[in-house]
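If you read the protein sequences in the order shown, they are chains A and B.
Read in the UniProt record's numbering, the first sequence has 75 at position 75, and its numbers run on one by one without any break.
Read in the UniProt record's numbering, the second sequence has 137 at position 137, and its numbers run on one by one without any break.
By construction, these hints were calculated from the structure, which means they are not laboratory data.
The model shown is predicted, which means the values in this text are computed figures rather than measured ones.
No residue lacks a Cβ here, since even glycine has one placed at the ideal position from N, Cα and C.
Be careful, since some hints might not be right.
List of simulated lysine-lysine pairs, BS3-like, C-alpha gap at most 30 Å [said to hold, decoys possible]:
(1) B:Lys161 x A:Lys118
(2) A:Lys118 x B:Lys277
(3) A:Lys214 x A:Lys118
(4) B:Lys278 x A:Lys118
Quick look at which bits of chain B chain A covers, simulated, 3 or more residues with Cβ under 8 Å [claimed, not checked]:
(5) 132-145
(6) 223-237
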Amino acid sequence: MENQRQPWNWDLAFEALPDILLAFLQVTLLVTVVATLIAAVLGLVWAMIIRLAPQPISGIVKWVVSFIRMTPIVVQLLFAYYTFLMFDAIPIGIVVFGIHYSTYMSEVYRAGIDAVPKGQWEATTALSMSTRRTWTAVVIPQALRATVPALGNYAISMFKDTPFLLVIGVVEMVNAAQIFGGNNFRYVEAITLAGIIFLLASYPTSVLVRRLEKRLAYAY
Amino acid sequence: MPTPTDPGATTPGDRAGGATAAAAGHATRGTAPIIEFRDVEKRFGDNVVLKDLNFHVNKGERVTLIGPSGSGKTTILRLVMTLEEATDGMILIDGDPLTHRIEGGKRVRLSNKEIKKTRTRIGMVFQQFNLFPNMTVIQNITESPIHVLGQSKDEARAKAKDLLHKVGLDDKADAHPSSLSGGQQQRVAIARALAMDPEILLLDEVTSALDPEIVDEVLGILRNIADTTDITMLIVTHEMQFARDVSDRVLMFDGGAIVEDADPHTMFTAPTHDRTKKFLRAVLGEGQIGTR
Numbered sequence: 001m002e003n004q005r006q007p008w009n010w011d012l013a014f015e016a017l018p019d020i021l022l023a024f025l026q027v028t029l030l031v032t033v034v035a036t037l038i039a040a041v042l043g044l045v046w047a048m049i050i051r052l053a054p055q056p057i058s059g060i061v062k063w064v065v066s067f068i069r070m071t072p073i074v075v076q077l078l079f080a081y082y083t084f085l086m087f088d089a090i091p092i093g094i095v096v097f098g099i100h101y102s103t104y105m106s107e108v109y110r111a112g113i114d115a116v117p118k119g120q121w122e123a124t125t126a127l128s129m130s131t132r133r134t135w136t137a138v139v140i141p142q143a144l145r146a147t148v149p150a151l152g153n154y155a156i157s158m159f160k161d162t163p164f165l166l167v168i169g170v171v172e173m174v175n176a177a178q179i180f181g182g183n184n185f186r187y188v189e190a191i192t193l194a195g196i197i198f199l200l201a202s203y204p205t206s207v208l209v210r211r212l213e214k215r216l217a218y219a220y
Numbered sequence: 001m002p003t004p005t006d007p008g009a010t011t012p013g014d015r016a017g018g019a020t021a022a023a024a025g026h027a028t029r030g031t032a033p034i035i036e037f038r039d040v041e042k043r044f045g046d047n048v049v050l051k052d053l054n055f056h057v058n059k060g061e062r063v064t065l066i067g068p069s070g071s072g073k074t075t076i077l078r079l080v081m082t083l084e085e086a087t088d089g090m091i092l093i094d095g096d097p098l099t100h101r102i103e104g105g106k107r108v109r110l111s112n113k114e115i116k117k118t119r120t121r122i123g124m125v126f127q128q129f130n131l132f133p134n135m136t137v138i139q140n141i142t143e144s145p146i147h148v149l150g151q152s153k154d155e156a157r158a159k160a161k162d163l164l165h166k167v168g169l170d171d172k173a174d175a176h177p178s179s180l181s182g183g184q185q186q187r188v189a190i191a192r193a194l195a196m197d198p199e200i201l202l203l204d205e206v207t208s209a210l211d212p213e214i215v216d217e218v219l220g221i222l223r224n225i226a227d228t229t230d231i232t233m234l235i236v237t238h239e240m241q242f243a244r245d246v247s248d249r250v251l252m253f254d255g256g257a258i259v260e261d262a263d264p265h266t267m268f269t270a271p272t273h274d275r276t277k278k279f280l281r282a283v284l285g286e287g288q289i290g291t292r
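Looking at chain A on its own, in the form it has when it is part of the complex (with noise of 0.2 Å):
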C-alpha cells in the first residue's frame, strides 16, 4: 500500500510518458491542426458568402453559423458520430472540430473585413478592380491581418476542448492518462503529465501568435 500514500511516483510518471506523448502526437495534435487548417478556410467562406451571396443563401448560411456557434461541440461529436456511422470516430472528430470552430472563425474574418475602410473599397471601384482582385489583392490580406490573433487564439483553444472526443471513444491525452491510471490505480501521474504537456504546447503556440501580431503590425 505504499504506492498509495507516495505524493508522486517518478517510476510511475516515467512509464506513463510513452501512452500519453504517443496520444499527444497521434489525436490530440493530429486533430488540432487538421481541425485548424478546416475551421480557418471554411470560416472564410463563410463570412464571404454571408457577405456577397444573394439572400436567401446569406441568410440560411447565416442562421446555420449562428446554430452552430449554439449548440455544445459534445452535443455535435455525439451527433454527427451516429449519424454518419460508416465514418471512424477520428475523422468524424476533426470535421467536427473543423466545422464548429469555422462558425467562430467566421466571426473574426467579418469583423476583419468590416474593419477594412471604406475608403479602400471606394479605390477598388475607382481603379475598376475585378470582385475577384478586390477581394484576393485588397481586402483579404488587409482583412487576414487583423483577424491572425483571433485565429491563434482559437487554435489554442480548440487544442484545450480535444478532450471532448472522449464522448466519441477517441483515445486523446488526457483519455490516454485516464486509462493508464485506471490500470495502475494511480491517477496524479499520468493526469499531471497530460497538463503539463498542454502547457507546453499552448504556452509557445501563444507567444507564437503574438509575435507574429507584432509582426503583422509592424509589416506596412
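Model the placement of chain B on the given structure of chain A, informed by the hints.
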C-alpha cells in the same frame, strides 16, 4: 442655368506649355460634352443633395466646383465615379449613359458590365489618398493596368516608373505607403490614377488632408499634368489660386444647385451673384475679390 456655348468661349491663355494639346482640345470644346448631367437628382433618404442638376463638361476642359461644404460638389464627383448612383435623371459620358438610361419613358439601370466599361475611362484622386497599404508603391500603380487593362507586367512597371518620375518619387517604387509622407502618398495616388490613362480625372479636395507646406508640391504636379495632357478634369478644391490657374470654367454651387457658371477670371474678379460674392469674400478674405 448654364448654356452649352459659354465654356468654349474662354481661352486658357495663361497656360504654359502644351499649347498644341490645348489647341487640339479646343477644336472639340463646345461641341462634344464628355460629361453631361441631365436633370440629376441625388437624395439620401429625405435629404436632397442635388436637385434637377443640369450641366456639362466638354472634352479636355478643366472645371472646378466651388461652394460651401454640403453644397453637393463632392457628391457630383462621386456620381461620376459611380461610387454613388443618382436617384433620378441621368449622367452621360461621351454621349453614353453612365448608370441609368431612359427606356420607353422609364429609368432603367445598366448592367454592372456596361457600367464597368464606362468606368475605366474615369479616374479619381481622393482626399484621403486611399492607397492600398498592403501593396508597395509600384504594386499600387500597376495593379489595375495589369489586371484590368491587361498590360504585361513589364509594360505596366515601365509606365509606372515613368509616372513616378513625373511625380518626383523615382526612389519610392518599392516603399510601402505607410513609410511615405502625406504629400508623397497623394503623389502616388495621382500616378496610380494616371496609370489607367483616364479620359476624365476627378480630383476630390486632394490637398485638404495635407500639411499647408506640402500643398504646393501636389498642386505643382497637378498643374504640370493640366499643362501637358488634355485629360478632362473635374475638380473640387478650396485652393482658389489653383482653381484660378488651372480651370477653364468655375461653377459655384449652393444647396445642390449651380449659382454661377463663369470663367475663372470673371468668377474671381467680378462675380455677379451675391451668394458667390459672399462665399468668395469668406474664402479669400475681405476686399480680396478682384485683387488676386
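Hints versus structure:
1. A distance of roughly 28 Å separates the Cα atoms of B:Lys161 and A:Lys118; the hinted pair therefore holds under the 30 Å criterion.
2. Proximity of A:Lys118 to B:Lys277 is assessed by CA-CA distance (about 36 Å); at most 30 Å being required, the pair is judged violated.
3. Of the pairs offered as hints, the one joining A:Lys214 and A:Lys118 holds, with about 25 Å between alpha carbons and a cut-off of 30 Å not exceeded.
4. The suggested pairing of B:Lys278 with A:Lys118 is violated, with an alpha-carbon distance near 35 Å, which exceeds 30 Å.
5. For the region 132-145 of chain B, the stated coverage by chain A holds: 6 residues have a C-beta nearer than 8 Å to a C-beta of that chain, and at least 3 were required.
6. Look at the region 223-237 of chain B against chain A: 0 of its residues bring a Cβ nearer than 8 Å to a Cβ of that chain, fewer than three, so the hint is violated.
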